[in-house]
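*Asks:* If you want the building blocks of each chain, they are given just below.
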Amino acid sequence: MDILAVLNLSEIALYFSKMSMFPLFDLAYYIVSILYLKYEPGSVEVSRRNPIASWMCAMLYCFASYIMADILLGESPLHYFNNTSHILLATAVWYLIFYCPLNLFYKCVAFMPVKLILTAMKEVVRVRKISMGVVHAHHAYHHGWIIMALVGWAKGAGVALISNFEQLIRGVWKPETNEFLNMSFPTKASLVGAVIFTLQQARWLPISKHNVVFLFTIFMVVTKVFMTATHSHGSPFAPIEAFICPIIFGNACGIYDDHD
Amino acid sequence: MDILAVLNLSEIALYFSKMSMFPLFDLAYYIVSILYLKYEPGSVEVSRRNPIASWMCAMLYCFASYIMADILLGESPLHYFNNTSHILLATAVWYLIFYCPLNLFYKCVAFMPVKLILTAMKEVVRVRKISMGVVHAHHAYHHGWIIMALVGWAKGAGVALISNFEQLIRGVWKPETNEFLNMSFPTKASLVGAVIFTLQQARWLPISKHNVVFLFTIFMVVTKVFMTATHSHGSPFAPIEAFICPIIFGNACGIYDDHD
Amino acid sequence: MDILAVLNLSEIALYFSKMSMFPLFDLAYYIVSILYLKYEPGSVEVSRRNPIASWMCAMLYCFASYIMADILLGESPLHYFNNTSHILLATAVWYLIFYCPLNLFYKCVAFMPVKLILTAMKEVVRVRKISMGVVHAHHAYHHGWIIMALVGWAKGAGVALISNFEQLIRGVWKPETNEFLNMSFPTKASLVGAVIFTLQQARWLPISKHNVVFLFTIFMVVTKVFMTATHSHGSPFAPIEAFICPIIFGNACGIYDDHD
Chain S
36 MDILAVLNLS EIALYFSKMS MFPLFDLAYY IVSILYLKYE PGSVEVSRRN PIASWMCAML
96 YCFASYIMAD ILLGESPLHY FNNTSHILLA TAVWYLIFYC PLNLFYKCVA FMPVKLILTA
156 MKEVVRVRKI SMGVVHAHHA YHHGWIIMAL VGWAKGAGVA LISNFEQLIR GVWKPETNEF
216 LNMSFPTKAS LVGAVIFTLQ QARWLPISKH NVVFLFTIFM VVTKVFMTAT HSHGSPFAPI
276 EAFICPIIFG NACGIYDDHD
Chain B
36 MDILAVLNLS EIALYFSKMS MFPLFDLAYY IVSILYLKYE PGSVEVSRRN PIASWMCAML
96 YCFASYIMAD ILLGESPLHY FNNTSHILLA TAVWYLIFYC PLNLFYKCVA FMPVKLILTA
156 MKEVVRVRKI SMGVVHAHHA YHHGWIIMAL VGWAKGAGVA LISNFEQLIR GVWKPETNEF
216 LNMSFPTKAS LVGAVIFTLQ QARWLPISKH NVVFLFTIFM VVTKVFMTAT HSHGSPFAPI
276 EAFICPIIFG NACGIYDDHD
Chain L
36 MDILAVLNLS EIALYFSKMS MFPLFDLAYY IVSILYLKYE PGSVEVSRRN PIASWMCAML
96 YCFASYIMAD ILLGESPLHY FNNTSHILLA TAVWYLIFYC PLNLFYKCVA FMPVKLILTA
156 MKEVVRVRKI SMGVVHAHHA YHHGWIIMAL VGWAKGAGVA LISNFEQLIR GVWKPETNEF
216 LNMSFPTKAS LVGAVIFTLQ QARWLPISKH NVVFLFTIFM VVTKVFMTAT HSHGSPFAPI
276 EAFICPIIFG NACGIYDDHD
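Protein chains in written order, with the numbering used here: chain S, 36 to 295; chain B, 36 to 295; chain L, 36 to 295.
For the record, the hints were derived by calculation from the structure and aren't laboratory data. Wrong hints could be hidden among the right ones.
Over the 10 Å line for every Cβ pair with chain S, so calculated as not near, a few chain B residues [what the hints assert, rightly or not]:
{"id": "1", "residue": "Val207"}
{"id": "2", "residue": "Phe215"}
{"id": "3", "residue": "Pro241"}
Below 25 Å or equal to it, Euclidean Cα-Cα: the simulated DMTMM-like pairs (lysine to aspartate or glutamate) are [said to hold, decoys possible]:
{"id": "4", "chain 1": "B", "residue 1": "Lys209", "chain 2": "S", "residue 2": "Glu110"}
{"id": "5", "chain 1": "B", "residue 1": "Lys142", "chain 2": "B", "residue 2": "Glu80"}
{"id": "6", "chain 1": "L", "residue 1": "Lys209", "chain 2": "S", "residue 2": "Glu276"}
{"id": "7", "chain 1": "B", "residue 1": "Lys73", "chain 2": "L", "residue 2": "Glu276"}
{"id": "8", "chain 1": "L", "residue 1": "Lys73", "chain 2": "L", "residue 2": "Glu201"}
{"id": "9", "chain 1": "S", "residue 1": "Lys73", "chain 2": "B", "residue 2": "Glu211"}
{"id": "10", "chain 1": "L", "residue 1": "Lys73", "chain 2": "S", "residue 2": "Glu75"}
Backbone N, C-alpha and C define an ideal beta-carbon position, used for all residues, glycine too.
Take these sequences, add in the hints, and give me the full structure.
*Replies:* Put into structure tokens, the structure is as follows:
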């Protein structure tokens, strides 16, 4: 990576890769995730009527990526709940967002400049999770490239992939749609990221891991912050899909996905 | 526990804790569980039209607590089915309740005095299951307090927590409600019990395990027998909830739950 | 088995049991499975609009038996995806069936004589899977006869048992029916086969394993090819069910199942 070397970015990438996510970045992840839960129609009412169902949904929003990755690799779905401090931190965030007097906490974190910073931090965690998911799967299956990509994808996309079942806890059931039929940008990006990290793990990419993580993080942060700031739902993958899909699948499949 | 010592109850509790559940108490558990399955609308018709679906539901009613706990701890969901004698006993109970000529067996066990005794015995098994669930999770995760409470809860509440999916086997789908949105008394009591047993396991309660089990069993037996005898659905937790919920969650969440 | 010895079939059965399934028979299995996916209403539209959801359904059609068996035995549901070559072969079949120009591949394999040969080969794989499933469960639970039968059943019946969730990926939800309520012939036959193989594994049948596999394969191939050729949905088990069900379950349960 000559460009990185010239710009002296490789050292920054290395330093960045050693940065700890807990508690600051994880906190941002929990805040933004549970914020999105509060945006869901009916979730505030559920939190009033049954705090336990609301808490379970909040935990899925924060930890579904770990739960899914553990299930996919045949481990206990509650494995991550061994980190009591993480669970308590997420629980505190859930409590503050839903029950804080005067809705103060919600108003603070939903204030656009704050939200943009938190969103940027969440994307940093997301990319780290994808990378760790691929490594985790690599330890279990040394040549299971498809497994690595799928686990990495689950780690990145998180609760989105099981949104049907998360909604079911809140008494909502929308079988006519799901994340596979209407992929959001983060889900698509997570899939792309998981494939890239798997290729890197297989040594088919001539670039070191911390550089891939660094570059992909920059892409995710810039894109997601821009999309959040402009309330845009257009995917940056749309032109690529519109070009590739008709060739491979004989139809502009990407066109439909823009409306989600 | 001075009171227990004075009343010489500690020895009774110790003796009680060594009492085997199989086959008598387990039998009562299977009978009452499958009785509740027969109360479900449409379950008799399913048993006529497709015995295999009916048998699967019956097995879930009897063993969902083991299946869930094993899944939550990353073990085989069929692990408990290794106890062939337990499965055959439950299968015999299922057969007698659904297909016994003249409905004789059903009439016997649904006769109120008999049913009350069986209900009492079922609650004994339930409390033992919660306690064993917490210990089981403790072996896997020595400091995973949240995991212990969740596994204990799953062991106590049993099929109720996955009732949506149990109903799905019988062709019934009610997504607008579930046990998390409308908790029944046994589910709430199981959660309370699981938290108490977890606190005891963590040595935060100055009381020995067999005493906790004994006292909680008495509470469950008395409450559930009283509720069954009076056909009551009011929860003894309602006043506590009505007091605590407005303080913590800013709203009388318990009020809604009384109607289930 | 004197008859087999006289006909010199035992040697054929032994030779047959050593025959490798990969790649030819597995290829036939993938082709017929994904062909049935294409028959499902709406699946072609899904393949146009969202190839990833379509690919996931195709993988379930091909590998659900492995996924379910691994879940039931507490292993990683993605375990089989370690066989990258199998996944790539199934992916190639999926691509050719759904996206081949002029629908050429589909027309070739759906041409009746070809389809009959492929169906016969698929049944060979199915019986082998049931047998392997029972052995797999036997390794984990030496005396878990019920577990063996259930795992063998899951291996044989495949995606049918989880069709509700496979449909959910395509945005289709039919909770009023499922494979347990309306068993198709392959599902029933897989259950019968799993019970027979379990009895053989327990040494309760005086016949060697390769002979059971051989005879059951012949039964499955002949029945399924006949049913496919005549577009018949009548089950050869119907007369037996009509005889046994009224005696055991007090009602002609089989009568309803004929209509599926």
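*Asks:* Taking the numbered hints from earlier one at a time, note which ones the structure violates and give those numbers from smallest to largest.
*Replies:* Hint check: 2, 4, 6 and 10 fail, others pass.
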